[in-house]
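Number of protein chains: 2
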Amino acid sequence: MSVAKTAILPDAAARLIEELGPEIVLTGAATAPYCRDWHGDVQSDAIAVLRPRSTAEVQACVRAAAALGLGIVPQGGGTGLVLGAVPDRPAEQVVVSLERMTRIRLLDAENYSAVVEAGAVLEQFKDAVAAAGLFFPLSLGAQGSCRIGGNVSTNAGGVNVLRFGMTRELVLGLEVVLPDGQVFNGLSQLRKDNRGVDLKQLFIGGEGLYGIITAVSLKLLPAPDQVATALVALARLPDAIALYRRARHACCDLMSAFEFMPPIAMTLAQEAMPDLAMPMEATHPAYALIEISGSGLVDIDDLMQRFLESAFESGLALDGVIAQNQAQAKNLWAIREGMNIGQAQRGRHLRTDISVPLSRLADFVAEAEAAILQDQPGSTCVSYGHVGDGNVHLNVLPDPHLAPDEIDAQIHAAKKIVNNVLDRYAGSISAEHGIGRLKKPDFEARLLPVHRHLLTTLKKALDPAMTMNPGCLFDMY
Amino acid sequence: MSVAKTAILPDAAARLIEELGPEIVLTGAATAPYCRDWHGDVQSDAIAVLRPRSTAEVQACVRAAAALGLGIVPQGGGTGLVLGAVPDRPAEQVVVSLERMTRIRLLDAENYSAVVEAGAVLEQFKDAVAAAGLFFPLSLGAQGSCRIGGNVSTNAGGVNVLRFGMTRELVLGLEVVLPDGQVFNGLSQLRKDNRGVDLKQLFIGGEGLYGIITAVSLKLLPAPDQVATALVALARLPDAIALYRRARHACCDLMSAFEFMPPIAMTLAQEAMPDLAMPMEATHPAYALIEISGSGLVDIDDLMQRFLESAFESGLALDGVIAQNQAQAKNLWAIREGMNIGQAQRGRHLRTDISVPLSRLADFVAEAEAAILQDQPGSTCVSYGHVGDGNVHLNVLPDPHLAPDEIDAQIHAAKKIVNNVLDRYAGSISAEHGIGRLKKPDFEARLLPVHRHLLTTLKKALDPAMTMNPGCLFDMY
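First to last, the protein sequences are chains B and H.
Numbering-wise, the UniProt record's numbering puts 8 at position 8 of the first sequence, and it's gapless, one number per residue.
Numbering-wise, the UniProt record's numbering puts 17 at position 17 of the second sequence, and it's gapless, one number per residue.
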């Protein structure tokens, strides 16, 4: 994607500077880093980037942009994977970056809650929470860069969804600047508050369509002072799902992650991190990375030990390694991370983010992989993910010897094949990444008329001037 | 509340029968049971009660009522406590009861999910799920009568919210008949599905303002094959909160209930159930009823035992009883139930459903109780609830020797006092019961202009003819 910039308002940038001050408005080359995507596939542009430092300044930015008839693309850490925060009409859009609003306004350990501004980096917030003896469970590969407001706007998932839910389930309250510049003040810190329609739900996962989240009130939990991590080798994906069921029962609500990986995960991780120690000597057809965690009187190590014993007894586990210390646990997770980097190093490829009912996951993967390999025998399928949630990243690496345009054609074809199979399984084309601009065509192609009607009705009602994140999620006409 | 019925459309009932058939339409005396509230405080009336047997018949009912310009009051089991499902304009409203749509459409144990029609009784659904070896965690006093659609429309809470969340967190998908008679088909069974704006959130806790929920897709969990229940005696409410904190850490995510009760709970329970065995000989200033549950390899009995030992060591527990079998556990819970019946037997009284931040709960209760007793020394305060969620039912029983109109005046005064204190604590007037028609004045008095603006905008956009549950939650003019 690359778009020419011919401003409809030639002096829009100047007028924004005049209105908001040069402290807030970036223009020209300085906007470039705010106009590209995380993977570096897309470099777009914008009239300006606005960087407010307070909720009042966000209000001023929204009012100034709206007065000029400009679209606003709200932006957090820019780590989204679906172009939700990348402008697509550079001549008509400004980016509003929340990166300067990073303050923890309140951390009430006695209430297990915190109020944090939208621009706070997830990892920094988690560290501050940990320093207070508590725990915020959202865990993503991008947590060193992503920002809380973006996590909430995209209802981010991650590796701990299994136990703690998506971001939606961690939000107690929101402060939002609406498209008309008013502030929705819903920063409740109540764990239970059932006063009818829960307005904040509109903005969670709303991809910035109805306003800009400026601050968030979040649930915190007791810190898990015990964590046990294990890698289990298995004969095939259905066995991993069978093992998940056993673990779900055996460890009840203490299992915090259950990740499935194919054997190529090891190869990819080693390509990315040549020094990475491999935990098992032999290669196996499938792996599960399991984390159990807890605090207090429950003996987590013992639980993992006994669970693994039962996994061997059941015949499901072919081999198994329990991390003996934090370094070993980190090493096991590094395989999961390295596999992603390894895929990127192999060049352009298809990345998907799919969910199907758990009861159909193994059949879906088998069918989709077979269909792809029949069509493009030189491709490599890399299917991995949060199996317990029915969430699989079925990625396809085209034959690296192909010409660049052939690779693009294969990626395109593979996506079509996967989505066709997916539709028969009543699955989702976006289990956790959202729709943004990247998945809009696939989303719209599957949008039921009544859903489209409701989305259009909401957008017209809540943002009649179409100021907020135009071009994201769906086109109204 | 009692309202005269003078139909604006004298032949509305006849026209509904003509349109929908006598199989579906109840009129006259037969409507009475559908027009009263759970406590028996209110007997209203309606033009007719419509009892559809399928989603298509719900569509026909909505279209027929809308064509006549009638308001629709959707109704589940009628166990709500805020008049959300009781008509308030009998001459202009029909009740649409979902009681004939009770089918479990699908139970996919391998996916830990089920699809059930809105009229299914919660307890019957839970039993069916248990027969399949799984567990649906929503637990309410009314579960023998309340219906799933009502639970979702009101985002019901209950005793297990602590661990499993409000109803919202248990919903995977919805089927809803919209105010124009169209069907929103969102019966997804995916555990993770992040395709942008999550439309179903509008209807969860929406109190029927935007449509009638006809079917629900729900999360299921592994059955907790081990449950441990204990009653702990304490010196005061702050000690109960301190004990909760200890339990939250010691038992991490395995604690499924932590209920606080004052000493009068024992008296009230005995008044209601004279044969109830009292678990402790002495009376104590405060009690906590604690439940820990789990499955598989975790030893729940041992965990409870060790937790209680640590509670004694900490000096917080004055006495403690662990149920040795199911009958004893049932007996402990019967105190909690009996306390409610006992309050009802004492005659008309103030019932509240409040939440404040947990860090301020003890102060709030102390301040509110003191303010009430200063104003009305003859009253009895009964404060109990789900402390872990910051949710307290601060009820006030007026002096029974007062005349009925004096009692009503005291209830009214006590509510005002409680709400005044509550406002200073940034609390909620409805932690779990919703707003309905009963709490509408108190809700509207606290409704921020921006919230009112958003609610009005949504209602106008989604139900321009104001067909769905008019008079509930807030008045637009």
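No lab work stands behind these hints: they were computed from the structure.
Warning: the hint list may mix true and false statements.
Copies of the same chain look alike in the list, so a pair counts if it works inside one copy or between any two.
In silico lysine to any residue, SDA-like type, Cα no more than 20 angstroms apart, as pairs [said to hold, decoys possible]: (1) K126 with H249; (2) K219 with E169; (3) K219 with P274; (4) K219 with F164; (5) K416 with W38; (6) K460 with L199.
All values reported here derive from a predicted model rather than from experimental measurement.
Hints, verified against the model:
In this homomeric assembly, K126 and H249 come within 20 angstroms of each other (Cα to Cα) only across copies, at 18 angstroms, whereas the closest approach inside a single copy is 29 angstroms. For the homomeric pair K219 and E169, the shortest alpha-carbon distances inside one copy (9 angstroms) and between copies (14 angstroms) are both at most 20 angstroms. In this assembly of identical chains, the alpha carbons of K219 and P274 never lie at most 20 angstroms apart, being 39 angstroms within a copy and 42 angstroms across copies at closest. Proximity of K219 to F164 under the C-alpha cut-off of 20 angstroms is found in both arrangements, the shortest distances being 11 angstroms within a copy and 14 angstroms between copies.
In this assembly of identical chains, the alpha carbons of K416 and W38 never lie at most 20 angstroms apart, being 23 angstroms within a copy and 54 angstroms across copies at closest. In this assembly of identical chains, K460 and L199 lie within 20 angstroms of each other by CA distance both inside one copy and across copies; the values are 17 angstroms within and 15 angstroms between.
In summary, the structure is inconsistent with hints 3, 5 from the numbered list given earlier, while agreeing with the others.
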